[in-house]
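Enquirer: Chains C and F are the protein sequences, given in the same order.
Each residue of the first sequence is one higher than the one before, starting from 1 at the first, in my numbering.
Each residue of the second sequence is one higher than the one before, starting from 1001 at the first, in my numbering.
Simulated from the structure, these hints should not be mistaken for laboratory data.
Just so we're clear, the structure is a prediction, and the values are computed from it rather than from any experiment.
There's no promise every hint is true.
[To be verified] The calculated lysine-lysine pairs, modelled on DSS-like cross-linking and capped at a C-alpha distance of 30 Å, are:
(1) Lys1070(F) <-> Lys42(C)
(2) Lys83(C) <-> Lys1110(F)
(3) Lys1110(F) <-> Lys57(C)
(4) Lys1055(F) <-> Lys1096(F)
(5) Lys1055(F) <-> Lys57(C)
(6) Lys1096(F) <-> Lys1113(F)
(7) Lys42(C) <-> Lys1117(F)
(8) Lys83(C) <-> Lys42(C)
(9) Lys1078(F) <-> Lys1096(F)
(10) Lys1073(F) <-> Lys83(C)
(11) Lys1113(F) <-> Lys57(C)
(12) Lys1096(F) <-> Lys42(C)
(13) Lys83(C) <-> Lys57(C)
(14) Lys1110(F) <-> Lys1073(F)
(15) Lys1055(F) <-> Lys1073(F)
(16) Lys1055(F) <-> Lys1117(F)
(17) Lys1078(F) <-> Lys1117(F)
(18) Lys42(C) <-> Lys1078(F)
(19) Lys1110(F) <-> Lys1055(F)
(20) Lys42(C) <-> Lys57(C)
(21) Lys1096(F) <-> Lys57(C)
(22) Lys1117(F) <-> Lys78(C)
(23) Lys1096(F) <-> Lys1070(F)
(24) Lys1070(F) <-> Lys1113(F)
(25) Lys1117(F) <-> Lys57(C)
(26) Lys78(C) <-> Lys1096(F)
(27) Lys1078(F) <-> Lys78(C)
(28) Lys1070(F) <-> Lys57(C)
(29) Lys1055(F) <-> Lys1070(F)
(30) Lys42(C) <-> Lys1055(F)
(31) Lys1070(F) <-> Lys1110(F)
(32) Lys1117(F) <-> Lys1096(F)
(33) Lys1078(F) <-> Lys1113(F)
(34) Lys1110(F) <-> Lys1078(F)
(35) Lys78(C) <-> Lys57(C)
(36) Lys1073(F) <-> Lys57(C)
[Unchecked claim] Just the calculated beta-carbon pair ranges, DEER-fashion:
(37) Glu53(C) <-> Gln1014(F): 28 to 38 Å
(38) Glu1052(F) <-> Ser58(C): 15 to 25 Å
(39) Leu118(C) <-> Gln1014(F): 36 to 46 Å
(40) Thr1060(F) <-> Asp63(C): 39 to 49 Å
Heads up, the beta-carbon is just placed ideally off N, CA and C, and yes, glycines get one too.
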Amino acid sequence: EPEVTQTPSHQVTQMGQEVILRCVPISNHLYFYWYRQILGQKVEFLVSFYNNEISEKSEIFDDQFSVERPDGSNFTLKIRSTKLEDSAMYFCASSASGGVVFDTGELFFGEGSRLTVL
Amino acid sequence: AQTVTQSQPEMSVQEAETVTLSCTYDTSENNYYLFWYKQPPSRQMILVIRQEAYKQQNATENRFSVNFQKAAKSFSLKISDSQLGDTAMYFCAFMKHSYGGSQGNLIFGKGTKLSVKP
Chain C
1 EPEVTQTPSH QVTQMGQEVI LRCVPISNHL YFYWYRQILG QKVEFLVSFY NNEISEKSEI
61 FDDQFSVERP DGSNFTLKIR STKLEDSAMY FCASSASGGV VFDTGELFFG EGSRLTVL
Chain F
1001 AQTVTQSQPE MSVQEAETVT LSCTYDTSEN NYYLFWYKQP PSRQMILVIR QEAYKQQNAT
1061 ENRFSVNFQK AAKSFSLKIS DSQLGDTAMY FCAFMKHSYG GSQGNLIFGK GTKLSVKP
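The shape of chain C in the complex, shown without the other chains (with noise of 0.2 Å):
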């Protein structure tokens, strides 16, 4: 069965550095997600991507995140300087539509990639 993976399974880096987390969608999914998960919190959304742009994000994905997709298969999500509340599990989704009315709208996810910063 198809399914979503990520890249790394967990990072650990120094705060300040740059991160790039990689995530391969599922082939023939069009739109893409990127949401997170702070250690005891709730998972929450940061940017959803269409069409090679930004189609929605949150009050969380500010300038120090960035998303792309370099080259039609992968879908990355960069933070540029790391802060320690960066810390958490980041979570990459794809979905065959963006209408959740039917059933191609539904959101697959990867198993995550947990991010810790020093």
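Go by the hints and put chain F onto chain C.
Expert: Just chain F, lined up with the frame of chain C:
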């Protein structure tokens, strides 16, 4: 702003018995969707069941069913004939409807950790 509350951080149930997980939400929207996601240990979040707010009939998927009370803003999940494989974190989530697709902006609860005991 929408919020989703899961008041049971942990629950346990004996194999073959029935368990109900609670979820309440707050919104001023009239058109929206509600979801239950399951996240087994070290695995991806997967969609268990979905409910469209305009539908009065409660959604059912095999052993999983919901009790959707729109006026009370309540959306509980019932798991019948619990199996060991149901052991997982369960997340309740809300998404408001928007024309042109819902953009994947899911608002999650904190989750309920369910343990099914043999």
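Enquirer: Work down the list of hints and note, for each, if the structure agrees.
Expert: Structure-based check of each hint:
no., hint, in the structure
1, Lys1070(F) <-> Lys42(C), "23 Å, holds"
2, Lys83(C) <-> Lys1110(F), "23 Å, holds"
3, Lys1110(F) <-> Lys57(C), "21 Å, holds"
4, Lys1055(F) <-> Lys1096(F), "14 Å, holds"
5, Lys1055(F) <-> Lys57(C), "29 Å, holds"
6, Lys1096(F) <-> Lys1113(F), "25 Å, holds"
7, Lys42(C) <-> Lys1117(F), "26 Å, holds"
8, Lys83(C) <-> Lys42(C), "19 Å, holds"
9, Lys1078(F) <-> Lys1096(F), "23 Å, holds"
10, Lys1073(F) <-> Lys83(C), "37 Å, violated"
11, Lys1113(F) <-> Lys57(C), "29 Å, holds"
12, Lys1096(F) <-> Lys42(C), "18 Å, holds"
13, Lys83(C) <-> Lys57(C), "19 Å, holds"
14, Lys1110(F) <-> Lys1073(F), "17 Å, holds"
15, Lys1055(F) <-> Lys1073(F), "14 Å, holds"
16, Lys1055(F) <-> Lys1117(F), "34 Å, violated"
17, Lys1078(F) <-> Lys1117(F), "17 Å, holds"
18, Lys42(C) <-> Lys1078(F), "22 Å, holds"
19, Lys1110(F) <-> Lys1055(F), "25 Å, holds"
20, Lys42(C) <-> Lys57(C), "17 Å, holds"
21, Lys1096(F) <-> Lys57(C), "15 Å, holds"
22, Lys1117(F) <-> Lys78(C), "41 Å, violated"
23, Lys1096(F) <-> Lys1070(F), "14 Å, holds"
24, Lys1070(F) <-> Lys1113(F), "25 Å, holds"
25, Lys1117(F) <-> Lys57(C), "40 Å, violated"
26, Lys78(C) <-> Lys1096(F), "27 Å, holds"
27, Lys1078(F) <-> Lys78(C), "39 Å, violated"
28, Lys1070(F) <-> Lys57(C), "28 Å, holds"
29, Lys1055(F) <-> Lys1070(F), "10 Å, holds"
30, Lys42(C) <-> Lys1055(F), "27 Å, holds"
31, Lys1070(F) <-> Lys1110(F), "21 Å, holds"
32, Lys1117(F) <-> Lys1096(F), "36 Å, violated"
33, Lys1078(F) <-> Lys1113(F), "14 Å, holds"
34, Lys1110(F) <-> Lys1078(F), "18 Å, holds"
35, Lys78(C) <-> Lys57(C), "14 Å, holds"
36, Lys1073(F) <-> Lys57(C), "26 Å, holds"
37, Glu53(C) <-> Gln1014(F): 28 to 38 Å, "50 Å, violated"
38, Glu1052(F) <-> Ser58(C): 15 to 25 Å, "24 Å, holds"
39, Leu118(C) <-> Gln1014(F): 36 to 46 Å, "43 Å, holds"
40, Thr1060(F) <-> Asp63(C): 39 to 49 Å, "45 Å, holds"
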